[in-house]
Structure formats: C-alpha cells, structure tokens
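**Student:** Sequence:
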Amino acid sequence: MNQDKQFEKLAFKIKAKRWLITILLIIVLVPIIAAIGYKASQSLSGKQSGQLMADMSINQTLISPNIQNSDLALGNTGIGGGTVISHQYKDIDGYHIPWQTVQGKYNWLSHQIQSDNLVDWGKNVAYTRTTQTKIPLFYNDQVKSPLVHKAYEISDVADMKGYVGEVALTFKQPMTYKQIKQRIPSNIQANWFWLGVSGKADPTMQDNNLLGIQSMNGTIQESDYRYFRKSLKKADDLGTYNNFSITKFAHQYAQKYPSLNKAKFAGVIVTGKTENFKPLVNQKWIAESSVGAAIKRVPYIKPSF
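Residues in the sequence shown are numbered consecutively from 1, following full-length UniProt numbering.
Treat the hints with care, as some may be off.
Said to hold, decoys possible - Listed next, the in silico SDA-like pairs over lysine to any residue satisfying Cα-Cα at most 25 Å (straight line):
no., residue 1, residue 2
1, 161, 89
2, 262, 287
3, 273, 301
4, 150, 254
5, 302, 105
6, 178, 258
7, 181, 78
8, 144, 161
9, 273, 68
10, 47, 97
11, 264, 286
12, 233, 255
13, 178, 276
14, 262, 222
15, 296, 217
16, 233, 221
17, 172, 218
18, 105, 73
19, 181, 254
20, 144, 283
21, 161, 73
22, 264, 183
23, 233, 209
24, 181, 283
25, 296, 124
26, 172, 142
27, 181, 94
28, 262, 150
29, 248, 202
Said to hold, decoys possible - Restraint ranges, calculated between C-beta atoms of paired labels, are given here:
no., residue 1, residue 2, range
30, 123, 179, 26 to 34 Å
31, 182, 252, 22 to 30 Å
32, 47, 283, 48 to 56 Å
33, 75, 183, 42 to 50 Å
34, 179, 54, 30 to 38 Å
35, 26, 247, 36 to 44 Å
36, 23, 101, 46 to 54 Å
These are computed hints drawn from the structure, not numbers from a lab. Glycine included, every Cβ here is placed at the ideal spot set by N, Cα and C.
Produce the complete structure using the sequences and hints provided.
**Tutor:** Here it is as structure tokens:
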C-alpha cells in the first residue's frame with residue numbers, strides 16, 4: 001500500500017515537472033515565435049509595399065498625361081498589409097487643378113493598383129470619374145469611329161479670355177522633339193509628349209492610360225529621355241485595351257528609339273493662357289485638338305509661362 005502511494009507521489013511529481021517545463025517552454029517560446037512571425041510578416045509586407053510603390057511610380061512616369069503627383073505614401077498599415085495612396089493634380093501654367101487619387105493595396109503575398117485613371121465617357125467628351133474634370137484626348141486616325149468622337153477644339157479655347165488651359169494636339173504625322181518645339185509658339189508650354197499607339201488601337205478607350213514623357217518647364221533633356229527609356233524597358237503590367245498591349249508597345253518604342261533626337265511623337269499636350277493658342281488654329285500639321293482642364297485666371301496667381 002505504501003509502495004502504491006509512493007508510486008503515485010512519484011508519478012505526480014514527474015507529471016507536475018513535465019507540466020512546469022511545458023508552461024515554461026510556452027512562456028519562453030511563444031513570444032519568440034510571435035516576434036519571428038511579426039518580423040517575417042513585416043518583411044513580406046515591406047517587400048510587397050515597396051513593389052507596389054515602384055509600380056505606381058512607373059505608372060506615374062509612363063502613363064500619366066500631364067498629371068503630377070503630390071505624394072506617394074503608406075496608409076492604413078497593419079500586420080496583414082495596407083494601402084499606398086498617391087494624390088494627383090494638373091499643373092496648368094502655374095495653376096494646380098485637383099485630379100484623381102490613385103490607391104493600391106498589398107498583403108504578405110501580393111499587391112495591386114486598385115484605382116488609377118478612372119474615366120467616364122460620353123460620345124463627345126471624357127471626364128475623370130472622381131473630379132469630373134474634362135480629359136484631353138488623343139486620336140488614332142486609322143480608327144474611323146473612336147469611342148469618343150474626334151475633337152477640333154483649339155479655336156474654341158483660343159476664343160476664351162482670362163483662362164489658362166491645356167489642349168491635346170494629335171499630329172497628322174509623328175514628329176521629332178525638335179520639330180515639335182519649332183512649331184509650338186514661344187508663349188505656350190509643351191508639357192507632355194505622347195508616344196502614340198500601333199495598328200488600329202483606339203486611345204480614347206484606354207482610360208487615359210497613354211504612354212508619354214513629361215517635360216520639365218517645357219523642355220526634355222537627353223538625360224530625361226534616357227531615364228524614361230529605362231522605365232519603358234522595366235514596365236511589365238501597363239494594361240491591355242482591345243488587344244493593344246501598352247507594355248509591349250512600350251518595349252518596342254524603347255528599342256526603336258534609343259535617343260531623344262531620334263524619337264518620334266504622335267502628339268503633345270500644351271498649356272498656357274488660352275488667348276495664346278490662337279497661332280495654333282488651322283495649322284495643317286494638327287489633325288485633332290482636344291481641350292482638357294481649364295481654370296479662370298486670378299490676380300494673386302501669376303501664370304508660370
């Protein structure tokens with residue numbers, strides 16, 4: 001009987017010791033595992049957020065027609081992921097006009113740009129979805145019936161007094177940077193140069209995701225073009241519209257035009273005082289002209305050009 005009691009006591013001590021060891025292991029290991037898991041999740045999330053920011057930056061460089069961004073910041077971050085937000089605007093001869101907000105989401109395993117150049121179409125006009133601002137459109141003359149009818153609005157905007165505005169000019173034939181600069185009046189700024197499309201692709205249905213290069217105060221340097229060309233080569237997911245791959249076209253353009261002096265452009269967005277657009281009316285080298293954002297001038301903001 002005494003032996004049985006001693007055995008029970010021994011068994012209890014062994015069991016208690018095991019439970020104590022188990023509890024101690026849990027106390028020690030759980031925080032360590034949690035810390036490792038947190039660090040791993042942060043590392044994975046950080047990688048995805050970095051890739052998302054890089055993608056959004058590429059889009060800003062390549063497919064943002066005369067659109068600038070004021071920031072590129074993390075928002076609503078957590079252990080499982082978060083968002084990246086970029087607020088956009090248009091610089092129309094020194095006047096800033098609100099554009100759209102681009103947002104992307106990321107988690108441990110993936111990332112995606114959820115909203116970019118969202119567009120509402122009509123037969124004769126296209127607007128941004130969030131700000132309902134008129135979008136300047138380009139056209140492909142091989143498309144006989146584009147989604148948005150062809151526009152010839154340069155004379156209308158030239159008759160406006162006291163405004164600054166932007167106009168997208170589609171050329172009858174692609175031109176070099178030098179040829180374009182020779183044709184643009186000195187009191188108008190060439191802000192953004194459109195690369196064009198291929199075949200019978202309709203640029204009016206591309207959600208304003210058009211390939212082009214932004215100038216700096218109306219000028220593009222060879223170094224600017226080299227950076228732009230590298231971005232064209234890096235692009236891997238710019239979208240496809242009606243079987244026209246923007247990414248493929250970007251790669252083809254980069255290969256075809258290795259330098260700025262050889263590059264040819266299908267159109268340009270110009271900005272300035274609306275009265276200064278008059279010399280562009282009835283120019284034979286302009287196929288279509290589409291007005292975009294415009295705003296009344298005020299005494300306390302001086303046009304920059």
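**Student:** Is the hinted pair residue 144 and residue 161 satisfied, with a Cα-Cα distance of at most 25 Å?
**Tutor:** Given pair residue 144, residue 161 is violated - Cα atoms ~34 Å apart, limit 25 Å.
**Student:** For the pair supplied as a hint, residue 150 and residue 254, is the alpha-carbon distance within the 25 Å limit?
**Tutor:** Roughly 28 Å separates the two Cα atoms, so the pair is violated.
**Student:** Hinted pair, alpha-carbon criterion (25 Å max): residue 296, residue 124. Please report holds or violated.
**Tutor:** Within the cut-off at roughly 23 Å; holds.
**Student:** Given the hinted pair residue 302 and residue 105, is their alpha-carbon gap at most 25 Å?
**Tutor:** violated, 39 Å
**Student:** Keeping to a limit of 25 Å between CA atoms, is the pair of residue 181 and residue 254 held or broken?
**Tutor:** It holds: about 21 Å lies between the C-alpha atoms, which stays within 25 Å.
**Student:** Are the Cα positions of residue 172 and residue 142 separated by 25 Å at most?
**Tutor:** Holds, at roughly 11 Å.
**Student:** Does residue 161 pair with residue 89 here, judged by a C-alpha cut-off of 25 Å?
**Tutor:** holds, 23 Å
**Student:** Is the straight-line distance between the alpha-carbon of residue 264 and that of residue 183 25 Å or less?
**Tutor:** holds, 15 Å
**Student:** A range of 26 to 34 Å was offered for this pair. Does it hold for the Cβ distance of residue 123 and residue 179?
**Tutor:** Given about 33 Å between the Cβ atoms, the range holds.
**Student:** Next pair to validate is residue 181 with residue 78; report whether the Cα-Cα distance is within 25 Å.
**Tutor:** Distance of about 49 Å is beyond 25 Å: violated.
**Student:** Taking the beta carbons of residue 26 and residue 247, is their distance inside 36 to 44 Å?
**Tutor:** violated, 51 Å
**Student:** Would you check the hint for residue 296 and residue 217, treating anything up to 25 Å between C-alpha atoms as holding?
**Tutor:** holds, 21 Å
The structure shown violates the earlier hints numbered 4, 5, 7, 8, 10, 21, 28 and 35.
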